[in-house]
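Could you put the whole structure together from the sequences, leaning on the hints where they help?
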Amino acid sequence: MSEIDRGVVRYVADLARIALTDAEVERFTKQLSVVLDAVGKLREVDTEAIPPTASVLPLDNVTREDEVRPGLTLEEAMRNAPARDGDLFRVQTVIEDRPGG
Amino acid sequence: MAELPRTIGEAAALLRSRRASAVDLAKAAIERAGADPYNAWLTVSEDHALRQARAADERLARGYAALLCGIPWACKDIIGTKDVETTAGSRILDGYVPPYSATVVERLDREGAVMIGKTNLDEFAMGSSNENSAFGAVCNPWDPSRVPGGSSGGSAVSVAAGEVLFALGTDTGGSIRQPAALTGVAGMKPTYGRVSRYGVVAFASSLDQVGPFANSVADVAAVCQALFGQDPADATTMPLPAEDLRRELGKGVKGMRLGVPKEYFVTGIEPGVESAVREAIRELERQGASIEEVSLPSTDHALGVYYIIQPAEASANLARYDGVRYGLRVAGTDLVDTYKRTRGAGFGAEVKRRMILGTYALSSGYRDAYYVKAQKVRTVIKAEFERVFERVDALLTPTSPTVAFGIGAKVDDPLAMYLNDVFTLPVNIAGLPGISIPCGLSEGLPVGLQVIAGYNDEATMFRVAAAYERSTDHHLLRPPSFGTRSVGADPKRSPNATFGTSGTY
Numbered sequence: 001m002s003e004i005d006r007g008v009v010r011y012v013a014d015l016a017r018i019a020l021t022d023a024e025v026e027r028f029t030k031q032l033s034v035v036l037d038a039v040g041k042l043r044e045v046d047t048e049a050i051p052p053t054a055s056v057l058p059l060d061n062v063t064r065e066d067e068v069r070p071g072l073t074l075e076e077a078m079r080n081a082p083a084r085d086g087d088l089f090r091v092q093t094v095i096e097d098r099p100g101g
Numbered sequence: 001m002a003e004l005p006r007t008i009g010e011a012a013a014l015l016r017s018r019r020a021s022a023v024d025l026a027k028a029a030i031e032r033a034g035a036d037p038y039n040a041w042l043t044v045s046e047d048h049a050l051r052q053a054r055a056a057d058e059r060l061a062r063g064y065a066a067l068l069c070g071i072p073w074a075c076k077d078i079i080g081t082k083d084v085e086t087t088a089g090s091r092i093l094d095g096y097v098p099p100y101s102a103t104v105v106e107r108l109d110r111e112g113a114v115m116i117g118k119t120n121l122d123e124f125a126m127g128s129s130n131e132n133s134a135f136g137a138v139c140n141p142w143d144p145s146r147v148p149g150g151s152s153g154g155s156a157v158s159v160a161a162g163e164v165l166f167a168l169g170t171d172t173g174g175s176i177r178q179p180a181a182l183t184g185v186a187g188m189k190p191t192y193g194r195v196s197r198y199g200v201v202a203f204a205s206s207l208d209q210v211g212p213f214a215n216s217v218a219d220v221a222a223v224c225q226a227l228f229g230q231d232p233a234d235a236t237t238m239p240l241p242a243e244d245l246r247r248e249l250g251k252g253v254k255g256m257r258l259g260v261p262k263e264y265f266v267t268g269i270e271p272g273v274e275s276a277v278r279e280a281i282r283e284l285e286r287q288g289a290s291i292e293e294v295s296l297p298s299t300d301h302a303l304g305v306y307y308i309i310q311p312a313e314a315s316a317n318l319a320r321y322d323g324v325r326y327g328l329r330v331a332g333t334d335l336v337d338t339y340k341r342t343r344g345a346g347f348g349a350e351v352k353r354r355m356i357l358g359t360y361a362l363s364s365g366y367r368d369a370y371y372v373k374a375q376k377v378r379t380v381i382k383a384e385f386e387r388v389f390e391r392v393d394a395l396l397t398p399t400s401p402t403v404a405f406g407i408g409a410k411v412d413d414p415l416a417m418y419l420n421d422v423f424t425l426p427v428n429i430a431g432l433p434g435i436s437i438p439c440g441l442s443e444g445l446p447v448g449l450q451v452i453a454g455y456n457d458e459a460t461m462f463r464v465a466a467a468y469e470r471s472t473d474h475h476l477l478r479p480p481s482f483g484t485r486s487v488g489a490d491p492k493r494s495p496n497a498t499f500g501t502s503g504t505y
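The listed protein sequences derive, respectively, from chains A and B. Each residue of the first sequence is one higher than the one before, starting from 1 at the first, in the working numbering. Each residue of the second sequence is one higher than the one before, starting from 1 at the first, in the working numbering.
Hints were generated in silico from the structure; no laboratory data involved. Treat the hints with caution; some may be incorrect.
What the hints assert, rightly or not - Only pairs whose alpha carbons sit at most 25 angstroms apart, straight line, appear in this in silico BS3-like list of lysine-lysine: (1) A/K30 with A/K41; (2) B/K352 with B/K410; (3) B/K410 with A/K30; (4) B/K27 with B/K82; (5) B/K352 with A/K41; (6) A/K41 with B/K262; (7) B/K352 with A/K30; (8) A/K41 with B/K382; (9) A/K41 with B/K410; (10) B/K382 with B/K262.
Said to hold, decoys possible - Partial list, computed: chain B residues near chain A (C-beta under 10 angstroms): (11) S205; (12) P232; (13) T236; (14) D300; (15) V324; (16) G327; (17) L335; (18) Y339; (19) F347; (20) G358; (21) S363; (22) I381; (23) D413; (24) G431.
Computed from a predicted model, the values in this text were never measured in an experiment. Glycine included, every Cβ here is placed at the ideal spot set by N, Cα and C.
Shown next as structure tokens:
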């Protein structure tokens, strides 16, 4: 397991899509190193023959009939939108128009 | 200010004898919540509450009403409530008003319970002190310079300060049981799969459960009775036959085998906490239970498992807060920059720390070393509990290693803060039910006894907790700042009105 440094914190924050200030990077680097040292104790446990547990539920696939049921109205689904354009959530351009496209 | 009755049972009796109406109780709760000096409430939804109270009175007048009909309650603000703002304690949900209610809220609505409002919490339930709320810390009524515990701190305080008769919280690593312990009330996390999470803001999905706070074990069981059961909207709820959770409340512990895991009495536990819990164990022994020391050898690794799995799941769950469909949006130079700025501005420090930790544990090259490793040790911890429950009916432990600590004492030391939950988070890792009940004071502050039972064996857990409660007065203790009524005081001498004793109702 590797040391966590400022570069790792910046890289991971970027993966998580979170803008951090320099002061936050500094503080989180120190704090997360301490936390990772503590969780690193898990290396002591021999888990060679142990399967992972993703959920403690004794359930496998849960299925139901695919029936049409009432859901939210368009207005209910849209009413919390920070910006909208008619019946659409308005966001910045995702894919630019290309010439001849 | 009028005081509310202490328990749901007392309130239900008042309602049925017409000495108080549901509207009377709701008005008293609204007044107390509105005057709450602890910052326990984020929203007091007065109109909504009075509307529900009037409907409850109509049902009561018709003579057939559920036990919870007309009972004022408080809802942790991470549980979605139709048309009532839901913040999760975060700026990133700024202005969010859910278009539907969580299943747990619908079930309490159906019973006729009266929701007074939404309570303060650590942002996205990430915390053990309620200091991580974007809307300010919550104070402990036992000593306002101290924390109430977290993350369901507001819900715990709303019950401890007599503002409502019960409250809902969520518990991912101890967020119901630890604040219950620190504020001197009962608080319980059900078996994983017992209660629907539909409509609850997701934190760590393999660990989260919803559960109640109340002033008695019977009240906790009564609320569970309304909450439990499979929900077609939540595929992680178990299909179990209906049962009466209160059937064993009065049975006592004679002949029961109760285990005391030696790993839960370790360095770090305050002497006053240990002696209160040891005394509680002796009391159950006097009542005829046989006490056995047991061992859960991997307890020491639970914190490491928890602080990988929980932030990993949270980092995936919180990816949805992108400023597109609801909540805060901070515009950037392009869409990805907008995500980053929105999340940078909308999340508080603890949420950011856990997003980074969780993303790191899931990132390419580290996933097997951290996340999969933690899931394997989870298997070991779960198996150790299962082995112990072949020998004993329930386990007795402290809920928290310390009493309530000072506001600000641990905010800059995440690891010290995380250690508050060492006795509660193994229960979430295994998915077992656990309840914290008051077992006395240390340095004038409440101590909690945790009772843990086997899978779906809440009835046994309630049986042990109720037996202890009947034999002591610890659950009757009230914070020194609580109105003017104290245990044993003559209510007639109180200048405050008390329902049923003042003659007003």
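Outcome of the hint check:
no.: 1; hint: A/K30 with A/K41; verdict: 18 angstroms, holds
no.: 2; hint: B/K352 with B/K410; verdict: 17 angstroms, holds
no.: 3; hint: B/K410 with A/K30; verdict: 15 angstroms, holds
no.: 4; hint: B/K27 with B/K82; verdict: 21 angstroms, holds
no.: 5; hint: B/K352 with A/K41; verdict: 23 angstroms, holds
no.: 6; hint: A/K41 with B/K262; verdict: 20 angstroms, holds
no.: 7; hint: B/K352 with A/K30; verdict: 14 angstroms, holds
no.: 8; hint: A/K41 with B/K382; verdict: 18 angstroms, holds
no.: 9; hint: A/K41 with B/K410; verdict: 22 angstroms, holds
no.: 10; hint: B/K382 with B/K262; verdict: 17 angstroms, holds
no.: 11; hint: S205; verdict: 9 angstroms, holds
no.: 12; hint: P232; verdict: 6 angstroms, holds
no.: 13; hint: T236; verdict: 6 angstroms, holds
no.: 14; hint: D300; verdict: 7 angstroms, holds
no.: 15; hint: V324; verdict: 5 angstroms, holds
no.: 16; hint: G327; verdict: 7 angstroms, holds
no.: 17; hint: L335; verdict: 5 angstroms, holds
no.: 18; hint: Y339; verdict: 4 angstroms, holds
no.: 19; hint: F347; verdict: 7 angstroms, holds
no.: 20; hint: G358; verdict: 8 angstroms, holds
no.: 21; hint: S363; verdict: 6 angstroms, holds
no.: 22; hint: I381; verdict: 9 angstroms, holds
no.: 23; hint: D413; verdict: 8 angstroms, holds
no.: 24; hint: G431; verdict: 3 angstroms, holds
The earlier numbered hints are all upheld by this structure, with none contradicted.
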